[in-house]
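Here the protein sequences line up with chains V and E, keeping their order.
So for the first sequence, our numbering puts the first residue at -17; every next one is plus one.
So for the second sequence, our numbering puts the first residue at 21; every next one is plus one.
Any given hint might turn out to be false.
Said to hold, decoys possible - No more than 25 Å apart at the CA atoms, straight line, and that leaves these computed lysine to any residue pairs for SDA-like:
| id | chain 1 | residue 1 | chain 2 | residue 2 |
| --- | --- | --- | --- | --- |
| 1 | E | LYS42 | E | GLU58 |
| 2 | V | LYS277 | V | THR196 |
| 3 | E | LYS42 | V | VAL10 |
| 4 | V | LYS272 | E | ILE97 |
| 5 | V | LYS272 | V | THR196 |
| 6 | E | LYS42 | V | VAL(-14) |
| 7 | V | LYS227 | E | LEU105 |
| 8 | E | LYS42 | V | ALA275 |
| 9 | E | LYS42 | V | LEU215 |
| 10 | E | LYS42 | V | THR196 |
| 11 | E | LYS42 | V | ALA202 |
| 12 | V | LYS272 | E | SER89 |
| 13 | E | LYS42 | V | ALA190 |
| 14 | E | LYS42 | V | TRP263 |
| 15 | V | LYS277 | V | ALA242 |
Worth flagging that the hints you see were computed from the coordinates, not collected in a lab.
Given the structure is predicted, the values throughout are model-derived calculations rather than measurements.
Spelled out, the chains give:
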Amino acid sequence: MTAVQDRVAQFLEGRRRNRRDIVTPEGVPLPVEIASFGERVCAFALDLLICFSAIIIVLLLAVLLLGPLAKVRGVGLAAIGVLLLVAFIFRNFYFMHFELAWRGATPGKRLLGLRVIDRGGGALVPAAVVARNLTREIEAFLPLSLLLSVGGIGPTPWMRLALGAWLLLFGMLPLFNRDRLRAGDLIGGTLVVAVPRRVLLGDLVDAAPGYRFTDRQLRAYGAFELQILEELLRRPDSIDTRRVKREVCDKVCRRIAWPAAISDAAVEAFLRDFYTAERAWLEREQLLGKLHADKNAAGG
Amino acid sequence: MSDLAAQDRAAPAAGATPILLKSSEFRKAREASWRDLEGLVARVERRGILTLSAEELERLPLLYRAALSSLSVARSIALDRNLLLYLEGLAFRAFVVVYAPRTGLRRGTAAFLRRSFPAAVRAARWHLLLATLILLAGGIAGFLLVAADEAWFSSIVPTDYASGRGPGSTRQQLLDAEIFAPWPGPLRAFALAANFLLSHNTLIGIVTFALGVAAGVPTVLLLAYQGLVIGAFLALHVRRGLAVEFIGWIAIHGVTELTATLLCGAAGLVLAETVLFPGRHARLDNLALRGRSAAQIAVGAMILFFIAAVIEGGFRQLVSSTGLRFTVAAATGLLWLAYFVYAGRGRR
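Take the sequences, apply the hints, and build the full model.
Set out below in structure tokens:
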């Protein structure tokens, strides 16, 4: 079944989705879409941006509030202390807090429709969230902060090169495995997936069909062709869609040797009835244990 | 093709009996409950689980399981692609909501401190012992090197960490500027020193832990190096007859800080062990399995680092008698020992 769906998706979207099955605690396999490397990088960049903005806002607030007190001894020190503490908190707890409170999504991930889940299909436990985010320190924060430090404490060119290699090594790690796991995912046993929103559209089944087909005619196609037809019927109406429908209608008529010609106005109704009849027949066959994957497997 | 045509010549017959599809009937019967679940899940996704009423909270897992069973049925009887994709998506979104981390940061922290942290430490006691031995070995090496020739001091301890202390320092300088230096006042102590120490120490701790993935080599090196630095400092002071004062000065926070360092090292060694000796599991599964408890140890160590930083940066210089310093050190040491040995045993 999933194989058929994968084939349909590949046919319609032109590329194979990076999918993987997780098994829920109830024992039902659910296919999930692995988040792509680009999406992950974007989400991380967004989160960093949010962190930096928040720290800068705190800094501005501190300047505004403490500005009038600038003459008082120790105010500058207090401001630096507060800033250091805020930076420390953001660096260590921003990701952890949101992944715990927002069910596996930081603001950046949420904007891109990504989520952290348990790789084995169990519940996402706090320990896993903590583990995957502590590792961020060596993956990104430490080398980044060293690279960005300038002046007397800045690293030498050779150190910069080494730090760049370090960043690259950890940054590219997701590209070298199928599940796009970074080091933190390895330790935490987690997986980042994309959660597409899908809408339940109306049922295409036409309860009172005008056209009737025999089993012999319906045997000409399988589940793959049925689902492609479904996709075509669900397309919004346009000149292009009508043209494709006309072509498909002609092809179907030729294949099942439909005796009469179908007029342009009747194409929609004909295809719909054919879809209904075909689906009814294929589903009945499937219930009896005969899965017709496509027209070649159908053996017409 | 041609015999098909011959047989089905008289096929078109308009207005015949309606077709009954099991999958359509099934959908009609269940669709309301899917929509219900979708509404609840969408609300939780937008505004959090707390927006659901008690009755809705009770309904959610039931609807989720119903959706899962619908999916299983649909997979076997329906060929409607949109329906299957919708159900898969809905079941997954509901799965994320139902199996989300239920504990917030606050309640999770309480359970962590009461149970899982000491338990994780106890489970890693052999790693802890190994980490201690490595640190000790480094310390002894550092002590012997500097005790034999003080020139070693400047090659072991980085200049900005030594901050002026070295072979050139006299006994009086060490006493005045370091061991019994005046307290800089609450602001400078807490706002700057404690903050800096916290960021610095936790960073080293996290690196010690996380680089355990690299088969533990960096972890061992970092532990040994930290021992080396402590040993070097100790030798410097012993040669000036300040052994007791120095140990008191370092022990007041060092008991906590070294415990934290060792915990990070032990966590790193746990990671190293899973990478080197995966045992019955695949290396990746094993890492996921043990990595979490190792990370728990590392996070607990962060808390210890925090306490150590408050003691060291905050009010170590306020306690200006060596005897008192030893008392605090012994008290914290006993406290940690009791905590790690007894906390969270047997209860659930």
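Verification of the hints:
The straight-line distance between the Cα atoms of E:LYS42 and E:GLU58 is roughly 23 Å, inside the 25 Å bound, and the hint therefore holds. For the given pair, V:LYS277 sits about 16 Å from V:THR196 by alpha-carbon distance, which is consistent with the 25 Å threshold. For the suggested pair E:LYS42 and V:VAL10, the alpha carbons sit about 22 Å apart, so the restraint of at most 25 Å is met. A hinted pair counts as satisfied when its Cα atoms are at most 25 Å apart, and V:LYS272 with E:ILE97 qualifies at roughly 12 Å.
A C-alpha spacing of about 18 Å is found between V:LYS272 and V:THR196, which places the hinted pair at or below 25 Å, so the restraint holds. Of the supplied pair hints, the one linking E:LYS42 and V:VAL(-14) holds, its CA atoms being roughly 20 Å apart against a limit of 25 Å. A distance of roughly 23 Å separates the Cα atoms of V:LYS227 and E:LEU105; the hinted pair therefore holds under the 25 Å criterion. A threshold of 25 Å between alpha carbons decides the hint, and for E:LYS42 with V:ALA275 the separation of about 19 Å falls inside it, so the pair holds.
Among the hinted pairs, E:LYS42 with V:LEU215 is consistent with the structure: their alpha-carbon atoms are about 21 Å apart, no more than 25 Å. With a C-alpha separation of about 19 Å, the suggested pairing of E:LYS42 with V:THR196 holds against the 25 Å cut-off. Distance restraint check for E:LYS42 and V:ALA202: the Cα-Cα separation of roughly 22 Å lies within the 25 Å cut-off, and the hinted pair is therefore satisfied. A threshold of 25 Å between alpha carbons decides the hint, and for V:LYS272 with E:SER89 the separation of about 22 Å falls inside it, so the pair holds.
Straight-line distance between C-alpha atoms of E:LYS42 and V:ALA190 comes to about 15 Å, which keeps the hinted pair within the 25 Å bound. Taken as a hint, the E:LYS42 and V:TRP263 pair is honoured in the structure, with Cα atoms around 11 Å apart against an allowance of 25 Å. Pair hint V:LYS277 plus V:ALA242 holds up; C-alpha atoms about 23 Å apart against a cutoff of 25 Å.
The structure agrees with every numbered hint stated previously.
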